[in-house]
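Protein chains: 2
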Amino acid sequence: MSRLIAAIKSLIRISADEEQLIAGLFKPLQIQSGQYFLEEGQLCRYVGFIEEGLMRYHMNDNGNQKTLYFNKEGEFVSNYQSFLPRVPSNTSIQAIEDATLQVINYADLQRMYTAVNEGEKLGRLAIENVFINSLEQLKSFYRDSPSDRYQHFLRSYPDLAQRIPQYYIASYVGIKPQSLSRIRKRLVTQNK
Amino acid sequence: MSRLIAAIKSLIRISADEEQLIAGLFKPLQIQSGQYFLEEGQLCRYVGFIEEGLMRYHMNDNGNQKTLYFNKEGEFVSNYQSFLPRVPSNTSIQAIEDATLQVINYADLQRMYTAVNEGEKLGRLAIENVFINSLEQLKSFYRDSPSDRYQHFLRSYPDLAQRIPQYYIASYVGIKPQSLSRIRKRLVTQNK
Chain L
115 MSRLIAAIKS
125 LIRISADEEQ
135 LIAGLFKPLQ
145 IQSGQYFLEE
155 GQLCRYVGFI
165 EEGLMRYHMN
175 DNGNQKTLYF
185 NKEGEFVSNY
195 QSFLPRVPSN
205 TSIQAIEDAT
215 LQVINYADLQ
225 RMYTAVNEGE
235 KLGRLAIENV
245 FINSLEQLKS
255 FYRDSPSDRY
265 QHFLRSYPDL
275 AQRIPQYYIA
285 SYVGIKPQSL
295 SRIRKRLVTQ
305 NK
Chain Y
115 MSRLIAAIKS
125 LIRISADEEQ
135 LIAGLFKPLQ
145 IQSGQYFLEE
155 GQLCRYVGFI
165 EEGLMRYHMN
175 DNGNQKTLYF
185 NKEGEFVSNY
195 QSFLPRVPSN
205 TSIQAIEDAT
215 LQVINYADLQ
225 RMYTAVNEGE
235 KLGRLAIENV
245 FINSLEQLKS
255 FYRDSPSDRY
265 QHFLRSYPDL
275 AQRIPQYYIA
285 SYVGIKPQSL
295 SRIRKRLVTQ
305 NK
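If you're matching them up, the sequences are chains L and Y in order.
For the working numbering, add 114 to where a residue sits in the first sequence, where the first one is 1.
For the working numbering, add 114 to where a residue sits in the second sequence, where the first one is 1.
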């Protein structure tokens, strides 16, 4: 919980009472590596704050899994396209390392917005951050070649390249694992 | 201005004084068809509310213009990836019909958040809406074939298909205008 409270305090001022209130609205959730925070077709019931672990977003494309993005410790995880309008999700979210989350449901999040003095500001700032990150990641699919996407991934997430299996990175870049191997070899040769 | 005030009142309650204050913070801006609200490389200085008109977002991809999405009357227009972190934009925003906007700059928007009682709530709700729409449009690039993207476009924007030149629709779908013609002919044949 301390990491969540620190993240909130980096965005707004909260009193000791408000800290207590927030701590009561979030619930701990453990997810083992490979298990799901959200499955396609379900309603996304929670926004989670990742205290430890790594999450992968993916969607089904004619039987193929496409990896959309990743979230790691210190970041919020949710499918807002399902959570906010209360409709079934077209995306799955899976833990790819054992994860410890603090989660809040829709009703309790609305409660936090109204009960905490700067609650609405917190909501605005948090969603602004998530929005900018999502746009950056999704625009890259549109703009960049697989090789550019891989290099962009390495620049944006230097710490994650070691933590994510190569076949998930290939799926994120949008190519087969063998093609990613070729790109990696070429980059190594170029940088020699 | 009345359309903007109505849009704000659909999200939060405002007093008569607050309505006056908001009306003073937004400035009218006319943009002729073909002119730019924002050019790549510039800082996005405004969030605009479209009272009349139609705007197109595009980015440069090795000399080719790619159309990312459209905004029409009653919607907000901005590149939040530039506006929020105050960095140069990698996207251009062009009027493709004569447009009447009400625009607010960064400092005045912060003023509105603090001076209006439910200002922060307005900011949160507005960005949530923009976020969900952007995600939906950008995910479609990743997931859908050109034919699917075109049909998705027709379903999502039935009123826009008549207002947007075919070459911009082709650029949005991600194909050449001739390929769009073929897709359109095939769909007409299938629906007979």
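Hint data in this document are derived by calculation from the structure and do not stem from the laboratory.
Any given hint could be a false lead.
Each pair may be met inside one copy or between any two copies, as identical chains are not told apart.
Pairs of lysine-lysine residues, derived as PhoX-like cross-links and limited to a Cα-Cα distance of at most 25 Å, are as follows [unchecked claim]: (1) K299 - K186; (2) K186 - K253; (3) K141 - K299; (4) K253 - K180; (5) K253 - K290.
Hints versus structure:
1. K299 - K186: For K299 and K186, neither the intra-copy (27 Å) nor the inter-copy (46 Å) Cα distance is at most 25 Å.
2. K186 - K253: both (20 Å within a copy, 21 Å between copies)
3. K141 - K299: neither (45 Å within a copy, 54 Å between copies)
4. K253 - K180: So K253 and K180 pass the 25 Å test inside a copy (15 Å) and across (11 Å) alike.
5. K253 - K290: both (20 Å within a copy, 20 Å between copies)
Violated hints, listed in ascending order, are 1 and 3; each of the other numbered hints is respected by the structure.
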